[in-house]
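Q: Chains as they are written, first to last, in this note's numbering: chain W, 153 to 310; chain P, 153 to 310; chain D, 18 to 444; chain E, 18 to 444.
What the hints contain is simulated information worked out from the structure, not anything from laboratory work.
It should be emphasised that the depicted structure is a prediction, and the values quoted were computed from it without experimental measurement.
Some hints could be false.
Stated by the list, open to error - DSS-like, lysine-lysine: derived pairs with alpha carbons at most 27 Å apart:
1. D/K40 with D/K438
2. W/K249 with W/K169
3. D/K218 with D/K190
4. W/K249 with W/K278
5. D/K40 with W/K284
6. W/K249 with W/K284
7. E/K218 with P/K278
8. E/K438 with P/K169
9. E/K190 with E/K438
10. E/K190 with E/K218
11. P/K278 with P/K169
12. W/K284 with W/K169
13. E/K40 with P/K278
14. D/K40 with W/K278
15. W/K169 with W/K278
16. D/K438 with W/K284
17. P/K169 with P/K249
18. W/K278 with D/K438
19. D/K218 with W/K169
20. P/K249 with P/K278
Letter by letter, the chains look like this.
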Amino acid sequence: MSDLEQMYQQVILDHAKQRHGHGLAVLDGPAVGESHQINTTCGDEITLRVGLDGDTLASVTWEGQGCSISQASASVLAELLDGASLRTADETMEAFKALMHNRGVPLDDEREDLLDDATAFVGVGKYPARIKCALLGWVALRDAIARATVGTEGSDHE
Amino acid sequence: MSDLEQMYQQVILDHAKQRHGHGLAVLDGPAVGESHQINTTCGDEITLRVGLDGDTLASVTWEGQGCSISQASASVLAELLDGASLRTADETMEAFKALMHNRGVPLDDEREDLLDDATAFVGVGKYPARIKCALLGWVALRDAIARATVGTEGSDHE
Amino acid sequence: MTPTLTDVRREFPILGRTVRNGKPLTYLDSGATSQRPQRVLDAMAEFERAHNGAVARGAHLLAEEATEAFEGARASVARLVGAREDREIVWTENATAAINLVANGIGNASAGIGGAASARYRIGPGDSIVVTQTEHHANLVPWQQLAARTGAELRWIEVDELGRMRLEQLETKVDSSTKVLAFTHASNVTGIITDVAPLVKRAQQVGAFTVLDACQSVPHIPVDLGALGVDFAAFSSHKMLGPTGIGALWGRAELLDALPPSVFGGGAVMTVALEETTWHQAPTRFEAGSQPVVQAVGMGAAAEYLMEIGMANVAAHERRLAQILREGAAALPGVRLLGPVGEPTLNDVLGLAAVVVDGVHAHDVGQVLDDHGVAVRVGHHCNQPLHRHFGVPSSTRASAHIYTTEDEAALFVEVLGTVRKFFGVSS
Amino acid sequence: MTPTLTDVRREFPILGRTVRNGKPLTYLDSGATSQRPQRVLDAMAEFERAHNGAVARGAHLLAEEATEAFEGARASVARLVGAREDREIVWTENATAAINLVANGIGNASAGIGGAASARYRIGPGDSIVVTQTEHHANLVPWQQLAARTGAELRWIEVDELGRMRLEQLETKVDSSTKVLAFTHASNVTGIITDVAPLVKRAQQVGAFTVLDACQSVPHIPVDLGALGVDFAAFSSHKMLGPTGIGALWGRAELLDALPPSVFGGGAVMTVALEETTWHQAPTRFEAGSQPVVQAVGMGAAAEYLMEIGMANVAAHERRLAQILREGAAALPGVRLLGPVGEPTLNDVLGLAAVVVDGVHAHDVGQVLDDHGVAVRVGHHCNQPLHRHFGVPSSTRASAHIYTTEDEAALFVEVLGTVRKFFGVSS
Ligand SMILES: Cc1ncc(COP(=O)(O)O)c(C=O)c1O
Ligand SMILES: Cc1ncc(COP(=O)(O)O)c(C=O)c1O
């Protein structure tokens, strides 16, 4: 498998086409947060919205446009974390970031388990310029959770 | 004679101390021109004033402060050209400029005759940074004559 | 070209390197930044090794030698672009800084800085600034901001479906309110080379200053700024085989002398008291602080090299590459070329091709090319309004220079043809 | 120093050259511009030979490598000066541009650019900007112009007969109207190192921003900008063993993020429509256009080299040279040293000496030194107000760096002692 094929694994190409959680859910209430992120290298954008139910991510939806890596990453994220606890979300985010900075080498089993389909992004770590693409949705997620947690619905990030 | 001694010939050191034409003459009338020049490398300044009587430089005086090269050059200029015809002044200016750009080599006899004491500046041509010093008074002279010729007394050059 | 392409390529050590999977480098990103020939690197190294000193400031030998090298470089660049006097060349950090120098100078003049001498530059409410829809951000945002700062109106000349300026709009968009007409000499997206004459003519009719973005023209085609009739022009060293860290503003001497500076400091000022300051003439008034000296030496060496090869030869070489890139890309199924294609316009286009692959994002296209060693640029190339006009967020751009071979151009087309299959996009 | 002086000197090829009359070069003009060690030149050459590509713009391998080198250099410079985050370092053309970036940003904020986020920077009539009488033009003229542009008042803290800031004036000159206090960290004429604390304290009392000219401190003494408590600081690569063509602005991240840019173009903007534009965070918002990439690589390598030697060692070395230069010059008949001399202040002074020779113009002094291979700076060193304060139009300055030997400092003093005789000035 070439580096390129390792980056664009089938599971990524599939997620890029069948995007989970795509289309923003209409949510209400104080425990809703939204974040808009732009990758300025290519103009890719993602808007991600979460709704919290106590310590649970009750809803994770997003919309956006961009490269297969950014779209697939947001899709995997939504699939993994919709319904997860905030703590799991946190750990998964950390593991995904670690994966990105691991230069193409898989993580330990524990974190691999946590990441599930997201382990397919391992090859991205060999392409520093693409790490931003893969992280775009995750950055939006962290920001959206922070906004939901303080109980203010931020519409944009300035 | 070292390059340094060639640049600072005795005649130059003498002129730098006994400055001819130093002190602006009070002149009146339309055929008076004055020019103020600054060498920004060192802050040296010269103000030079001419009075024309028809085609004759009836008065050349100046004041200023600066290095021995700029002061001596203005002094030699005043000594040489006070009372000279505009045509001689022109030719002498041209010869002096040529001397400056001759990289330390004397000019032909005809122009050497014209330059007289000013030939002592031959060594300056080896020091490109000092050519500006030596030319400061001459630039002021050309400008002052131009101002006198158009019959307007310019007080400063902006 | 007088030197063979093999000779030329030997001058560029980086072209010999291998990249991903040991593939040879196919560098098709010269529109973003060019590579530098050994002689440019050598000129800079020699300066560092033997002549480095403060320019125009010392009485010592190194300072003299450095000043001579610095001003000699200015003369080389002046000759390349047809400046009438060397002092019409002002060193800047890059082309962006050069354009900002003009815009901020006009802004300062409008705020009263520079006194009576700069009154000709004053603009305000009721005045207009005109740009075009094909401008790089560097020749758009400074004018937007100047409009915001002064209350002048920003207008733009639109482009047609191929990205060509609609010159018929000159009559209506440029009128007696217009103080500045800013436009590109060559587009970094479509590659279209602007016919400057009608724009200059219209600007002169209404008494507007013209500002030419010559970033993509100076490195690739013969340019005689003095003859073009424009008032100011900006270009960058790093796109014309010179180092990063320097660019140039060209302007008519008498216009430069009247423009107030907008960056203030040592060197630019004649006398400084705590209360007030008087400026030098151009170019010194704009060259505040220690200058990019070794970069000027490099840019001068690059200008000399381009003149040695001959800009007409450079242009002819790149025209052949344009044909391979553009016709090749346009002929691929599911690939859209931004800008014109085909014989009639090939003389008016740079050696570049920006393409959009149906169903595949530019970043992914670029990645496949990269995997074959082909270095291209992906994104909007700092030209969002034009991409928006074409209805796409981004594109993939291959761009050539004197060292680009026809085989390299053909490889771009070949790999481009495999992209949709790789991503499983039905054709 | 950990490496011996001989080791250090071997790193600087230019120090081996001969100048006038075959004399060895005695380079004492480092205050104007320093020389660069081979490793800095090599780092840049290696980048050009193998990694040059457009930064933060391409998807290809060269672009990745170039971006990594560029951001790695930022991290090195950040570490040298005690930045809390790498992004607190903004690349600029030189230190002059860095100071202008702050002044013009405040000017733009005052004109309404940057909206609510930049409101904290607005100044106008009734406000004041305070500088000192010992500022280089680069830290004076931008503030003069900002005052002219906004209607704010420019005040200055005077210096005493030795050129020391009269800190007692802080109470009266800096008051509730004061929005900016700009001052130098070390004087390029007297060499005096500023005691920053009382200035910062007073500025914080009245809520003024502090802008530090760190041009002469960063290359010569340990500097921890984060700890000093200032808000912004400017310095230049070419004075700290790095290349020309680049400098840096350091600023507290949250302050940089609120300051509007004043140079506009590609890279700095998030989205551009023809009508309006949104900016990036710092540092990107200030880095419009193609960046001085290879220069950043060189400046980063210089920062690494200085850290390897250790800034405390650099300072100790230069302190010894200060003593030789200053005490030696001050002891000569008919020679006046500008600034302090003697044991009590030697810890607070850079390794430089600016002198005035009675009856001999600085340019002539410099020429005699040059004839002995001693390269110094003559003139007002872009510091006219201070020279005026000392009652002289110009001076002759010898300035050292890590590669300067005690013998070189002594040679300066020795030749200086012959100058009056050469020009026949009675003693
Ligand atoms: C104290 C001081 N401030 C500012 C500057 C300006 O630095 P630059 O010329 O690199 O912009 C200098 C050097 O010339 C300096 O010595
Ligand atoms: C057409 C055009 N204008 C302006 C620029 C800006 O040049 P620089 O980034 O060198 O300032 C570029 C290059 O990026 C360009 O292609």
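Q: What are the numbers of the hints the structure violates, in ascending order?
A: Violated hints (numbers, rising): 7, 9, 19; every other hint is consistent with the structure.
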